[in-house]
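A.B. asks: Sequence:
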Amino acid sequence: MTNERFVELFDKSRSGILSESEAIEWNEWMALSAHNREVVERMHDEAYLNTTVSLLTKARQEDWQFILEKHPELKPEAAVVKRMNKVRLMGVWIAAAVAVLLIVLITYPILHKELTDRPLATTEKKQVRDVGPPDMTKATITLANGQVVALDTIANGVLAMEGKVNVVKTTGEQITYKKAAGSNGSGEIAYNVLRNPRGSKIVNISLSDGTTIWLNSESTLRYPIMFNGNERRVELTGEAYFEVAPSLKKPFFVTANDVTVEVLGTHFNVNNYTDENAIKVTLLEGRVKIGNRQSAIGNNTNTVILKPGQQAVATVSQLTIDNSPNLDQIMSWKNNTFYFDGENLQAIMKQLARFYNVEVEYEGKAPDKKFGGMISRNKNLGEVLNVLELSGVHFRMEGKKIIVLK
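Reading the sequence shown from the start, the letters are residues 1 to 406 in full-length UniProt numbering.
Hints in this document: simulated from the structure, not taken from any laboratory.
The beta carbon of each residue, even a glycine, is placed where N, CA and C say it ideally should be.
One thing to keep in mind: the hints can contain errors.
[Unchecked claim] Straight line, CA to CA, 25 Å or less: simulated SDA-like cross-link-like pairs of lysine to any residue:
| # | residue 1 | residue 2 |
| --- | --- | --- |
| 1 | 178 | 212 |
| 2 | 369 | 357 |
| 3 | 379 | 357 |
[As the list claims (entries may be wrong)] For each label pair, taking beta carbons as the anchor points, the in silico distance ranges come out as:
| # | residue 1 | residue 2 | range |
| --- | --- | --- | --- |
| 4 | 406 | 350 | 14 to 22 Å |
| 5 | 142 | 309 | 29 to 37 Å |
| 6 | 29 | 142 | 46 to 54 Å |
All chains should be built: construct the whole structure from the sequences, respecting the hints.
C.D. replies: Here is the structure:
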């Protein structure tokens, strides 16, 4: 591999934009020798870069400035940076390649000695193309007559007429139910089902009463096209954020398995994924009452009333209140952010699997680590995994599968 090609692939690998053929080429070069892998590892080490840059001549410091401009997170101490002069962009790839080659020549004796003292893991399988974030909603609506409408295949405008309600697609991710003129809300209740699968953007729906709901990926909402009678009821599997239209005469109910949330008008989040061990209801504004059927002790019903800033946690056997949940972390999915606040690796991988529509496999027991931090959901999956690897956990990607290494 030429020096120019090495710099190009190194840059793309750090940015997570390697194509399939480039990923194969990069991994094959990494697999040629332990020395190759150690050079790349050292280039990611900020402390090492500080030492190495100080060894460069003044001319080579100018060359290295180009790499630092493309990767500001690798900048050494300010005193060293001030001694580096900016160079023109023309010909910088060649200059950077020379600087990288110089680093390799300087470090080889040291690396060769260290490599004899400890083994390094080898890459037996080649990486494939990175997985990008969802670029569209893949949600579908099942109408009362059984017809399934895929939102990404239809134009904006009225997509269906359900009884006396128009179902309108206003944008790619927003659906609105609008009562027809003269409708009084009487008659038999008909239901629609909104499904937002894995690997889909958040979908937003406005019900006929004005209630607005944001539905996370791998989530399903069943609701009437019009609310008749003295109450409003919907059913949720997965996760959704609700802004309920106030109505003293018609309380609003959300059923999530055995948990029922009763509100008059409020903002709250419900997490009801089937692969989680608890149902969580978090109140941001207003007041709600949570009921939980205790299957372990018969048909008794346990209820709690939440105040803003509280979270109800319901399991099969009990219903408890968390008085200080991290609201920013809970609502991060709606704000298009991954926010980890002491979660273990299994919990994080569940989030990534839903969002990127991938499978997760563990080579042995999952590492016992806790993670904290934030990263945009606009990032490719490879970039998110690179951040997690800073803690010492390592992954391999095989198509749509993430393998957590031992």
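A.B. asks: Take the hints in turn and mark each one as holding or not.
C.D. replies: A quick look at each hint next to the structure:
Simply put, residue 178 and residue 212 have alpha-carbon atoms about 12 Å apart, close enough for the 25 Å limit, and the pair holds. At most 25 Å may separate the alpha-carbon atoms for a hinted pair to count; residue 369 and residue 357 meet this at roughly 24 Å. The hinted pair formed by residue 379 and residue 357 meets the criterion: a straight-line CA distance of about 14 Å does not exceed 25 Å. For residue 406 and residue 350, the hinted distance range of 14 to 22 Å is satisfied, since their beta carbons lie about 20 Å from each other.
At about 36 Å, the beta-carbon gap between residue 142 and residue 309 stays in the expected band of 29 to 37 Å. Residue 29 and residue 142 have their C-beta atoms about 50 Å apart, which keeps the hinted 46 to 54 Å range intact.
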